[in-house]
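K.L.:
Here is what each chain is made of, one letter per residue.
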Amino acid sequence: MNRSRTGLAAAILLAIPVLAAGPIVIQNATILTITKGTFKGSVLMRDGKIVEVGEKILVPADAKVIDASGQYLMPGIIDCHSHAAADSINESSVSVSSMVAIEDVLNPEDIAIYRAVAGGVTTANILHGSANSIGGKCSVIKMRWGKSAGEMIFKDAKPGIKFALGENPKRRGNIAAPNGAVPLRYPATRMGVEDVIREAFTEAQRYHSQWKAYAAQVAKGESPLPPRRDLKLEPLMEVLEGKRLVHAHCYRADEILMLLRVAEEFHFRIKTLQHVLEGYKVAKEIQQHGAGASTFSDWWAYKVEAFDATPYNAAIMVRKGVLVSINSDSDELMRHLNTEAAKTQKYGGLTDDEALSLITINPAKQLDIDKKVGSIEAGKDADLALFDKHPLSNFAKVQKVFIDGEIYFDRDADLAARPEREATKKTLLERQKQQRKQSPARKPL
Amino acid sequence: MKSLALILLASLPLAAGVDDSFLLRGVTVHTVSGQDIPNGSILVRDGKIIGVGAKLSAPKGIRIIEGKSMHVYPGMIDSGSEVGMIEIDSVKETTDLAELGDFNPQLRTLVAVNPSSEHIPVTRANGITAVMNLPRGGMISGQGSLMHLDGWTWEEMEILRSGAMHINFPVLTPPPSRSGDSRNVPFAEAKKDYEAKLRTLHEFFEQCRRYQKAKAAALPGFQTDLKYEAMLPVLERKLPALITAVRERTVHDAVEFAAQEHIRIILADVREPGKMLPDLKAKGIPVVLGKTLELPLNDDDPYDAPSSLPAQFYQAGVKFAFASFSASFSRNLPYQAANAVAFGLPYTEALKAVTLNAAEIWGVGDKMGSIDEGKWADLMITDGDPLEAKTQIKHLFIKGKPVDLENRHRQLYEKYLNRP
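Here the protein sequences come in this chain order: Z and W. Quick note on the working numbering: the first sequence kicks off at 1 and runs consecutively. Quick note on the working numbering: the second sequence kicks off at 446 and runs consecutively.
Since the hints were derived computationally from the structure, they do not count as laboratory data. Fair warning: this is a prediction, and the values are worked out from it, not measured in the lab. Heads up, a few of these hints could be off.
[Said to hold, decoys possible] If you only want the chain W side, here are some residues facing chain Z, beta carbon under 10 angstroms, derived:
| id | residue |
| --- | --- |
| 1 | Thr-476 |
| 2 | Ile-533 |
| 3 | Val-536 |
| 4 | Asn-571 |
| 5 | Leu-738 |
| 6 | Asn-784 |
| 7 | Val-786 |
| 8 | Thr-836 |
| 9 | His-840 |
| 10 | Arg-855 |
[Stated by the list, open to error] Cross-link-like lysine to aspartate or glutamate pairs, in silico, EDC-like; alpha carbons within 20 angstroms at most:
| id | chain 1 | residue 1 | chain 2 | residue 2 |
| --- | --- | --- | --- | --- |
| 11 | W | Lys-835 | Z | Asp-353 |
| 12 | W | Lys-860 | Z | Asp-308 |
| 13 | Z | Lys-243 | Z | Asp-370 |
Each residue gets a CB set at the ideal place from its N, CA and C atoms; glycine is no exception.
Next up, chain W with everything else stripped away, as it sits in the complex:
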């Protein structure tokens, strides 16, 4: 026993130089992938989980962390976020989300993520350890990047440089505006406009295919084009397209588009799946759902439509994860999941939708999303259920390293609570 360094969680040193190997014991382990383990242990070496169980013996010389009566969950993943890409909404100079032009597949989100953004420590203080950052604008906005919310540089934050190609699918009838301005475009005109846009999108894919062939054939005079080049992984089905499609008609057309172009897709922000659910299930198309705490799309929708939506997806057997589609509200991701539970989603499914489902949808289910051997030790240690507002996140580990939970909001609190 003399060789063991016993450290209580409360006095966990956060300074640099702490190694990423330890045995965490005396905690309730919420694995997400399987049963909860009361009074369990997690063995971490070099940032990875190498053991999970009720009784793990401590390898010689390893640091032991006693986590009496606390709970351990995998860190949460926001499957659509803007953390680090927008500091203050109203100040253009601080936002890097939407480029000019309709087709920007070559854009990469991660290079515009500010590792010093105040939003990063604020977000992770609520247990969110990774985000899928998405660009906005145009028809093809660019590549979303999956990132850890810890690192001195965006390279250190990187999980997937390119995790998805974000496509904003053309919309025939835009959702009603709440601002009062009527956009009563005659249907025929709207349809013409929609069809033109859809044609442009197909044409762009067609150009990409010609480029692909020209490149494969090494045709004389072939020149590298960054836009087309960026689309090759999509055409080769190596990279999924994340298609934002809110209403049933858009969902239908996006699914049809994917079949025609033979690409792999994930749908985003579906709010009115209508009769498309069985189709999504049959085709194995996963969905990134937006906020449950949101107004219904239409005035005459059931008052709880957004809250009961995730339960519908669950019942239809469609895999889904939750997203905030925001920077400043990313920290409320667990509360979006909780609200879905209030309206019919089984609790375990809600928890999965902010952890394991997200990891699997982004193709990194072998690396993160649950507490299992071989995965990164992205762990949050809490005094209760992280989906409840009153629960405190006590400690956070990203790749086995303790992460500072201090942030701007907490600092202002401490400073001004003590103002004489």
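Excised from the complex, chain Z in its bound form:
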């Protein structure tokens, strides 16, 4: 990403004021609570939380009232697979890169954040890439555009880690760089992918028992030397302890089954299978293991392992009892996950609530944040998206988005700010031109 370009965009867009978080009442909207039905009514937000939801609620004297007649209010959309705001994605030099973390490379000025909010997204799971069988640590963020990287982190969300199966982690075992500049990297097959994961968890188990023995000695009042800290194995130990969620990139039914069985061998659970385009073939096994499935609506045929894809995948898995979400894995798709979810109505006949669950309460459950977000219920975070039409309609667009009861996107404000932003841009470009004239041209690095 071109840093200067991003910086300029951020400078211009940050000028949009974020409303102070006084109490807000949204009135006369069709409220799609997802978990508690759909009705015409109001929502009161205060101190970042949804305080009251109902057909008729008393409006506090100090509340700002938004009349949303004819509009539709749904919970903020949750994207279970995104790389927005991540300045780097893949640490591909090693087969196990669990020592690296997305949190360290979050870029709060990535314009993808603002665009995602403008598409109704309020929370996203930012994943490491799929170059390694075991990849880096992931971060769940709220799309708090304008805040710092640290302030974007979704507090209390369990940390995650990326796994990857199939073509992507195999690639470095099959395609060497020209002139042997970069050597081939194990694994080159799906057998090797399984092996890498089993080797890593065998190590992690050993590491885990060292720490358990240490803790036992400490408990007895002894003063042993602690085991040597291993930053690669630490996150895997957390997986074994159920403290870190596994999000596994996968395509083919065989590799999905392989991973479920490996996890069972080491006594942990795969939290989500990502992409999981052939999940429909082993939906029974996925359901029995208790893994969630986070998939595309209709992507297919971009590579061999995506050729048995079917847009009915989500619907089949839903019908077989799997917890399913629709994700983006793309800064573009991320902006219209509502209409991506609508495709499950064409392909598999999901109901409105089932379809909208795929981008709200289901991904919230998959990220273990469903007590805070994913539906419109009193006590939950005031993360809401207001649409001008039913969000499952292709003709709908987002009007306003709230995160923690603060407005982060307002279409009217965005439109109104455009002339000023254009003017600011012109001024900045003019200033840059003047500076170039004054100082001699720098050679590109």
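Given the coordinates of chain Z, work out where chain W should sit on it, guided by the hints.
P.N.:
Structure of chain W alone, referenced to chain Z:
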């Protein structure tokens, strides 16, 4: 009445041998060219529409199809597609889109369209009955072919063997890359490179003209050259050049180029028309627009720039159609159109941009694109608005013949939904 065969749509036989003549009645006819006709009828004979109206009487012996409460629209046309030319993106052996070399006007798309491609039934299951398939690579990529998405062979699919000459206009400043690699070529260097390319393109046209003259004069020693020969219809303004030009500067230069070379053009994938819109309107240059569900070109563009782009073209009075420029996403063409409606394009214009406008831009407005007498019966029968995702396409006719809506995706669904 005894002589009439009454067939309900639900039990419409799809087997071979079904003739392409029928009366479809009890449907809402969305003609696109005119008013909707509630409880209307469409009379089809030998694959062509010979009657449309509120009350059509059934000619003796004709098959009657009752389409109670369903909707009929003309089949949709993807004005830039790769269906049948690429099976799996990452497998080179399955792609036939881009040849080697800069100038390949002699290449014809349709011969590389695989009629057994899985993409064809998948695409038409969403109501797309015809595609303008385009080659990619080089400066002059080759000839695009307009094809029906039905046929045992590419010959049977053919509507226009040669529908447009695809030219990728040279670009001075390439759109910013999202991959992070900076391509900071100094402007002077980029300009030199651009001018050289543009010169080469002009020179190629100049050579074509000399060839044209030599051929007309039957000069001694004249030899047929397939590349030059393929360019003659372009020089004679019989075949439009479809020029891909994304940014304002490219659009400007492409329009200037067309004037200098005196050729007829259609622009493709314009994403930043800037001040060129009035010019396009004045010169009557139509445009094939790409995806609306696309990221803005620049980080500081309005977040909805691609979505609101079609409305700008409409307001400027420039005729346009939509394209997917893809194989696997061709089926989402109606959703691209719908998104433009959300951001200001009138609904009827969006529908036209995937039907009638496309047919007119490709010069086949007399044969397809709307439900009118004399046109092919390329019809989709739906339970609602085809621009909405939840709408089901119930039946499809191409040239009056019922087309199977089964496809790989549906088959996998049925097979695995029923896995014990």
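K.L.:
Look at each hint and say if it fits the structure.
P.N.:
Going down the list of hints, with the structure as the test:
no.	hint	verdict
1	Thr-476	violated (21 angstroms)
2	Ile-533	holds (5 angstroms)
3	Val-536	holds (6 angstroms)
4	Asn-571	holds (8 angstroms)
5	Leu-738	holds (6 angstroms)
6	Asn-784	holds (6 angstroms)
7	Val-786	holds (5 angstroms)
8	Thr-836	holds (7 angstroms)
9	His-840	violated (15 angstroms)
10	Arg-855	holds (7 angstroms)
11	W/Lys-835 to Z/Asp-353	holds (14 angstroms)
12	W/Lys-860 to Z/Asp-308	holds (12 angstroms)
13	Z/Lys-243 to Z/Asp-370	holds (16 angstroms)
In this structure, the hints that do not hold are numbers 1, 9, in rising order.
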